[in-house]
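Student: Sequence lines, in order, name chains A and B. Counted from 1, the first sequence has number 303 at position 89 by our numbering; the numbering is strictly sequential. Counted from 1, the second sequence has number 284 at position 70 by our numbering; the numbering is strictly sequential.
Heads up, a few of these hints could be off.
[Said to hold, decoys possible] Facing chain B, a subset of chain A residues (Cβ under 10 Å, in silico): (1) P236; (2) T239; (3) I242; (4) A280; (5) A283; (6) T288; (7) T291; (8) V295; (9) R302; (10) S326; (11) L341.
Simulated from the structure, these hints should not be mistaken for laboratory data. For each residue, glycine too, the CB sits at the ideal point set by N, CA and C.
Number of protein chains: 2
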Amino acid sequence: MILTVTLNAALDITYRVPRLRPHRTHRITEVSERPGGKGVNVARVLAALGHRTVATGFAGGGTGDALRALLAETAVTDALVPVGGATRRTVAVVDGTTGDTTQLNEPGPTVSPAEWDTFLGTYRELLGEARAVALCGSLPPGVPVDVYARLTRAARTAGVPVLLDTSGEPLRRGLAARPDLAKPNADELAALTGSTEPLRAARDTRRRGAHAVAASLGPDGMLAVTADGSWQAAPPRRFAGNPTGAGDSAVAGLLSGLVEDLPWPARLARAVALSAATVRAPAAGEFDRATYEELRERVVVTDHSPAA
Amino acid sequence: MILTVTLNAALDITYRVPRLRPHRTHRITEVSERPGGKGVNVARVLAALGHRTVATGFAGGGTGDALRALLAETAVTDALVPVGGATRRTVAVVDGTTGDTTQLNEPGPTVSPAEWDTFLGTYRELLGEARAVALCGSLPPGVPVDVYARLTRAARTAGVPVLLDTSGEPLRRGLAARPDLAKPNADELAALTGSTEPLRAARDTRRRGAHAVAASLGPDGMLAVTADGSWQAAPPRRFAGNPTGAGDSAVAGLLSGLVEDLPWPARLARAVALSAATVRAPAAGEFDRATYEELRERVVVTDHSPAA
């Protein structure tokens, strides 16, 4: 199975309003809820691709119960660890006039040292069956900032390939533990390296410890810098829609390609096709299958290897 | 005891953000939750004034559980009727720069005919012990639009005085059943009668069926048109703060004055003092006791009776 870790899982709530007017009162006509947090989104896409997938991390309170009830409706196996605090909510307010989204993200519950220990035990046990693990997203209060370095080392000790998708200090610390693959986006690359030139920044990120770097570049697709070479994959055209979750779908594409032992260009093509198909779907963790099938063989992959 | 009815009770969530920027992502640093809906707010203020208070209406789902857990921390007796759907959330986003609030209100669960019947049974039973009842707020989907007329007739049959605080068609229909007191605000008065002149509009509203009308006029206080005369009560000065819940506190003031058989000018003075004290408190259903005590005897009541 493939394991995904979401330390700050979320109950994702979406409100649609005809128009968002600051300092006014809005009657919401359409409310939807989904199990959320980056690793949970990755798990849902992996499961939809037919991979046996287990999601761990923390869940607690009434919002945690709601998250777990929604996760039970998917093909993802729930291995979330109970926590005393309440799982955070994220509220996305979609403006029906402009199509833009205003996002309000709660911080998440504080994790106690005992809860953290319980999680580590669960994580190590799950690694015994995992063919790959994705470590995804921001950290809840109370979790040590070097957590992804620790989780990466535990996975490498167990011989399980690690994909790291986070930002800021947790990314910087996690890279030092030498994950197999890091997936920053362009903003995260720039924040980490100070360079806004993606190829230069991805190479720099690789020197900081990741064995490979696959950087998502929004509508421009994805750039990979690996021991085997460098490639850029781009969709054949631009897709209008909601980009939320596109990066999580790219992670699912990369991770499924890794366990299926696809060559790098095919992994990137899958990741980019899934990203674009997610932009065409209403919500993170979901993708438009027709778009995915259409694009899988139409993504253009360019070799950027120094020898190419 | 005093009974309050909240057919569309809510879990009130407040987010504080440094500044609300549409179409951006906000990390919320401060989250608070309260039991909400107008009748629940009224009940909390009545209980804080020392009145034995029972809150009924509907509650369901994880959000209903959260609402009931928060209500259990107050002195209000919970007589909410279970419903299959989930209690609505309201999200108030407070902009730390301007102090203004952007409000997002979910519609609430659809109430089935069987749930509605169960509620009516509970309501009739509670009326047997009630000294007064407040019917408050908007209607959830599935509840007949003439509901407040039915609930008013049942209370009058049981000899229990009724205060009606709602708007639009439910107000229009409810007035025809001759409640003892209606408490519209200036906007609701204007929408009902077409007149923006409060005294004229309140008199018109009384002709539509209410035995008395007490109209809340925001910072200008409150205007009452009754069989015994007409009065306007105004706070001695303007109060800066959050007006959310000020109208609910006014209802609690009027209702407690009714069961204590206070003369009308004293009821209005109490309602206006409580309103102003709520503006000075952080949340609906709460009031600043020092402001209340200071203002009780400083509210200026003017006689507007035709004979005066």
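Student: Find the hints from earlier in the document that the structure breaks and name them by number, from lowest to highest.
Tutor: 6, 7, 8, 10, 11
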